[in-house]
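J.: Residue strings, one per chain:
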Amino acid sequence: MNCSHFQDQMLLLFGQKQLPEELHDHLAECPSCRAVWEELTGMNEKLGGDDLFFPNDDQVEQWVSKVDTAIEKIERDNVPVVTRIRKGWYERVPVAAAAALVLGIAIGTYLAGRTAFDTGGAEIASGITGVAGLYEGGDEELQESTVGSLIYDFTAQHSYEASEWLLDDLTEEELDFLENNFDIGDLL
Amino acid sequence: MGNADREIVQYLVHRAKKGDKEAFSRLVRIMMKDVVALTFRMTQDRDSAFDLAQETFVSAWQSLRSFRQEAKFESWLYRIAANKALNYLKQRSRQPVASIDSLETEVLVSGFSPHNPEQLLRAKEMQKGVLEFMAELPDQQRLVFDLRFYKELTFEEIAKITGKAVGTVKTHYRQAIIKLRAFAERKGWRP
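Chains as they are written, first to last, in my numbering: chain A, 942 to 1129; chain B, 520 to 710.
Just so you know, the hints here were simulated from the structure itself, not pulled from any lab data.
Don't take each hint at face value.
Stated by the list, open to error - Calculated lysine-lysine pairs in the DSS-like style (CA-CA distance at most 27 Å, straight line):
1. A/K958 to B/K552
2. B/K536 to A/K1014
3. B/K689 to A/K1007
4. B/K679 to B/K537
5. B/K689 to A/K958
These figures come from a predicted structure and were not determined experimentally.
If we strip away everything but chain A, and leave its shape as in the complex, we get (with noise of 0.2 Å):
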């Protein structure tokens, strides 16, 4: 290997603390190339570390608090829907309400054949009642959150952010089941 190869492979050892036996071997017995190793050698120290651009404990400190609070909000903006639907059943009425109304607007749609109310929704109606049938007999309180989270997407007029959690807690079987019956991009 010739000079040329050694200062192009110095190059990308920059800031590397550990060289090669074999460019360790060759700057030895190379003052062209061990001129070129110190001249970068001598940059490094220019640049610091990663520490130089630390911002202090107090800076920390109040960043993080932010960054919790964000977060408590986010839980509490996404939590609702489903403790909501888990703490009586007189505060399963809204959502029942809503269901009938999302259902009943996309039979009557799809009945009267206008276009205005697209078809999107009549596919995200059907995959609600086919989720529901999913659980059919097995897990009561998943199939009332499945179904309420998927309504209050809906209703929330395309938002899905419920919907996120939710299609992480569904196994492949149920995934194939929604994207089969309705498109899972659009609900996303």
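Since chain A is already given, all that's left is putting chain B on it; use the hints.
T.: Frame of chain A, contents of chain B only:
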């Protein structure tokens, strides 16, 4: 990051993946400096650096379940931070570029420095030099230079973070060092 720290981080990630917010908060405390240092060098703007770091951690919390623990948590976090910084730079590129004078002011008021007056002065000078050099690099080159030189990642790790081929990453780094040599010549850094 040392082995002991890595073990603590692994444990905290394990807890946080199960929804333990306290564990995630400790992770944020451990990793905040690393992330801010990266976003600050990338954006060269203190406020944006902290904003992007905050966004990084919030996104990390939201997608923590998709993180596979066989990967390094900090690399995963850097990927999120890098994407946020690159998006920010893309948006900012439509606005006028800050002059070196305003850059200097940025460094002086940043608080990214030790408290000893002599060290403080030296640190500010070094920061200024580094930021001035990094401002000359295109965004991707700057990111690769940062991850390699400051975060001491391998080219393979950087390739995963940036979504580029290893060869491309090496080319970026090589070009950055060639530019650094020219910059050092101009600044009288070379011995």
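J.: Against each hint, give a clear statement of whether it holds in the structure.
T.: Hint check results:
1. A/K958 to B/K552: At roughly 23 Å apart (the allowed maximum being 27 Å), B/K552 and A/K958 satisfy the hint.
2. B/K536 to A/K1014: holds, 18 Å
3. B/K689 to A/K1007: violated, 37 Å
4. B/K679 to B/K537: holds, 26 Å
5. B/K689 to A/K958: OK: B/K689 and A/K958 at ~18 Å, within 27 Å.
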